[in-house]
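Let's have the full structure, built from the sequences with the hints guiding it.
In order, the protein sequences belong to chains A and B. Quick note on our numbering: the first sequence kicks off at 1108 and runs consecutively. Quick note on our numbering: the second sequence kicks off at 192 and runs consecutively.
It is worth saying that the hints were derived from the structure and are not from the lab. Each hint should be verified, as a subset may be incorrect.
Listing some non-contacts, in silico: residues in chain B with all C-beta distances to chain A over 10 Å [stated by the list, open to error]:
| id | residue |
| --- | --- |
| 1 | 227 |
| 2 | 419 |
| 3 | 632 |
| 4 | 665 |
Keeping only pairs whose Cα atoms sit at most 27 Å apart, straight-line, the calculated DSSO-like set for lysine-lysine is [what the hints assert, rightly or not]:
| id | chain 1 | residue 1 | chain 2 | residue 2 |
| --- | --- | --- | --- | --- |
| 5 | B | 616 | A | 1203 |
| 6 | A | 1215 | B | 661 |
| 7 | B | 537 | B | 571 |
| 8 | B | 537 | A | 1242 |
| 9 | B | 389 | B | 235 |
| 10 | A | 1229 | B | 645 |
Partner residues aside, some chain B positions facing chain A, computed with beta carbon under 7 Å [to be verified]:
| id | residue |
| --- | --- |
| 11 | 237 |
| 12 | 245 |
| 13 | 248 |
| 14 | 623 |
| 15 | 624 |
| 16 | 626 |
| 17 | 627 |
| 18 | 629 |
| 19 | 630 |
| 20 | 631 |
Model, not experiment: these values are computed from the prediction. Backbone N, C-alpha and C fix where the C-beta goes; we use that ideal spot for every residue, glycine too.
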Amino acid sequence: MLEIDNLHARVGDTPILKGLTLTLRPGEVAAIMGPNGSGKSTLSYVLSGRPGYEVTEGTVRFDGQDLLAMEADERARAGVFLAFQYPVEVPGVSNKVFLKAAVNACRKARGQGELDAYEFLKLFEDKRKLVGMGKELASREVNSGFSGGEKKRNEILQMAMLDPKLAILDETDSGLDIDALKAVSEGVNALRDGERAMLVITHYQRLLDHIVPDTVHVLVDGRIARTGGRELALELEERGYDWLKAEAAA
Amino acid sequence: MSSSAETIQDFAGRRYQAGFITDIESDTVAPGLSEDVVRLISAKKGEPEWLLDWRLRAYRHWLTLTPPTWAHVHHPPIDYQDISYYSAPKQKQKLESLDEVDPELLRTYEKLGIPLLEQKMLAGVAVDAVFDSVSVATTFKKKLGEMGVIFSSFSEAVKEHGELLRKYLGTVVPYTDNYYATLNSAVFSDGSFVFVPKGVRCPMELSTYFRINEARTGQFERTLIVAEEGAYVSYLEGCTAPQRDENQLHAAVVELVALDDAEIKYSTVQNWYPGDEEGKGGIYNFVTKRGACRGDRSKISWTQVETGSAITWKYPSCILQGDDSVGEFYSVALSNHRQQADTGTKMIHLGKRTSSTIVSKGISAGHGVQTYRGLVRIAKSAEGARNYTQCDSLLLGDRCKADTVPYIEVQNATARLEHEATTSKISDDQLFYCMQRGLAAEDAVNLIVNGFCKRVFRELPMEFAVEAQKLLEVSLEGAVG
Ligand SMILES: Nc1ncnc2c1ncn2[C@@H]1O[C@H](COP(=O)(O)OP(=O)(O)OP(=O)(O)O)[C@@H](O)[C@H]1O
Ligand SMILES: [Mg+2]
Chain A
1108 MLEIDNLHAR VGDTPILKGL TLTLRPGEVA AIMGPNGSGK STLSYVLSGR PGYEVTEGTV
1168 RFDGQDLLAM EADERARAGV FLAFQYPVEV PGVSNKVFLK AAVNACRKAR GQGELDAYEF
1228 LKLFEDKRKL VGMGKELASR EVNSGFSGGE KKRNEILQMA MLDPKLAILD ETDSGLDIDA
1288 LKAVSEGVNA LRDGERAMLV ITHYQRLLDH IVPDTVHVLV DGRIARTGGR ELALELEERG
1348 YDWLKAEAAA
Chain B
192 MSSSAETIQD FAGRRYQAGF ITDIESDTVA PGLSEDVVRL ISAKKGEPEW LLDWRLRAYR
252 HWLTLTPPTW AHVHHPPIDY QDISYYSAPK QKQKLESLDE VDPELLRTYE KLGIPLLEQK
312 MLAGVAVDAV FDSVSVATTF KKKLGEMGVI FSSFSEAVKE HGELLRKYLG TVVPYTDNYY
372 ATLNSAVFSD GSFVFVPKGV RCPMELSTYF RINEARTGQF ERTLIVAEEG AYVSYLEGCT
432 APQRDENQLH AAVVELVALD DAEIKYSTVQ NWYPGDEEGK GGIYNFVTKR GACRGDRSKI
492 SWTQVETGSA ITWKYPSCIL QGDDSVGEFY SVALSNHRQQ ADTGTKMIHL GKRTSSTIVS
552 KGISAGHGVQ TYRGLVRIAK SAEGARNYTQ CDSLLLGDRC KADTVPYIEV QNATARLEHE
612 ATTSKISDDQ LFYCMQRGLA AEDAVNLIVN GFCKRVFREL PMEFAVEAQK LLEVSLEGAV
672 G
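Take a look at the structure:
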């Protein structure tokens, strides 16, 4: 469902992704690990179409379509969701109003009927409970004045609402306390349905205790340096990245 | 009247007759402003002497004035001799069908969801004599009449309620007030008069919308609203549809008077033609709006949504004379393309425990320039006065500008004032975030702008709020991308 082939991308004059190849099946949950600055977030932005990230080589096919030819909002409506490493505040706009507009934009593009106020609120309540978010918090302005952990949880609420085909979670675990980590992981697991694919970017094994991945990829210097099963994450926890960096440099 | 004044009147009468006869054929005067023209306007309307006299005093005073230069707006000098002062009611050319109307204008109407029949009226297409709103208006008028509420055109009020009008006219905005108000006093064409008698709560929103034909009063409108003791009225100004207008200068005057325990709510959704993207054409909207809270516990509330005009120069104000009186100003002003807006309010606290609230939301896009200019004055007599001011600017893009110019004058130490101001930008990050959730760029901007204006839209009557929101969306088209 996602085929990334020899992807090269740069920000300004700096090449960051340098020939990244990766495939994701429907329903597959892949963890992406790798040292700081190796290009994990860059990959998530390139896939979601953030302006300023220039693809110089390679292709990305998503559900049979040329993903790179689409605008950011088209990609989102086609089913690509990014849970941001640093979620953005949108003051003045309530979470509900924001999500209703987003959900209906996506539904419309997917040929589903738009939700009316009643249907929307029902869905909202279901998902809010699913990700264990407080009623008061869920109705506030989008991420406005939210704590770091609250923002992350709000990302997962949005993901649950938007029902994407591909979810990219960029360090969703960072900034979460132990209980929140558990609640968010449960929320994510509940969204694993054998169809939805996920790219889970993380630095820590402990997230992968909760969200057990099918595959683990290690990204070093803009390329996938190694791919393995969940045991690779445990190995990394023990050995760090230096051996992979050395291999990559060789 | 002194004998010398009588002589002037006699002379005036003769002069005017001559002018009248020559002009009655065409029903318009050639461009230019003179005492003759002032007399002609007055005569054409069959006005009483006192009003002609008032106009003439205004005209003579105007001759001594120069246009104000303090506002942050720029335009070539206006040639006042190049304007026809008797083109009111406006000589809109009647078109035969919608096919003759500018298609871009029709597109805008469509977006606003204006019914076809109304589209025709707005665009100046001849409509059948039987028009729903007209009969609706008549029905309303009858009902209002039974309650003693007067709601009529200014000219009609001069004839039918002359003494009442005379009692209040110019008592809030005197003819000497400022350059544009003085000009208006000399040459005003028409406008509205509202009078709500003691203890009456006007049962419906009064809207010029219902008098859309009459409302074509051109550049120099004059509105006077009086709420007697304990009365209440909500007045909606202007029609919410965009109006193309060939005229350049629009200098209106609005006066509000609230007696003891009275309340006046005045809402405007202004969407005059703003000019094109290069800044060609468009209205210069130089308006003087002022309300006097004369009575104790009276309240005047201004709500405005300003999306049109090439230049807006407008400061709806409240004079809080009565003890415990309340003034409010809620404003959304948008400047896109080359639009310039210098707008704000004045809250003059005279009475004890008077309070005022100012919420101003300025949006700039394109090369738009936006200035909030506000004055809060607490006089010595205003024991225990309070003001709350919130003044926010939102910038879309890098080429627009927003300034905030608050003036505060406090002469009584018991006053409590709060001032909050923010300037924010719709950032690329916000835009990308919204788009990543599936929203098109324009929808994302509209969502953010609406959120920004929420506090003000809440003050508008329901249907008006919906239309205001749509107007903003239309006005912001092409602001991103
Ligand atoms: N806008 C930018 N301009 C210049 N360099 C950038 C820009 N954005 C990212 N980079 C650089 O690209 C490299 C990869 O950054 P990226 O954020 O993708 O790393 P990451 O793997 O997500 O790191 P982390 O684990 O710290 O989140 C870094 O060296 C970073 O400094
Ligand atoms: Mg990162």
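Hint check results:
| no. | hint | result |
| --- | --- | --- |
| 1 | 227 | holds (54 Å) |
| 2 | 419 | holds (40 Å) |
| 3 | 632 | violated (7 Å) |
| 4 | 665 | holds (18 Å) |
| 5 | B:616 to A:1203 | holds (22 Å) |
| 6 | A:1215 to B:661 | holds (21 Å) |
| 7 | B:537 to B:571 | holds (17 Å) |
| 8 | B:537 to A:1242 | violated (41 Å) |
| 9 | B:389 to B:235 | violated (34 Å) |
| 10 | A:1229 to B:645 | holds (25 Å) |
| 11 | 237 | violated (52 Å) |
| 12 | 245 | violated (47 Å) |
| 13 | 248 | violated (49 Å) |
| 14 | 623 | holds (5 Å) |
| 15 | 624 | holds (4 Å) |
| 16 | 626 | holds (4 Å) |
| 17 | 627 | holds (5 Å) |
| 18 | 629 | holds (4 Å) |
| 19 | 630 | holds (6 Å) |
| 20 | 631 | holds (5 Å) |
The structure fails to meet hints 3, 8, 9, 11, 12, 13 from the earlier list, while all remaining hints are met.
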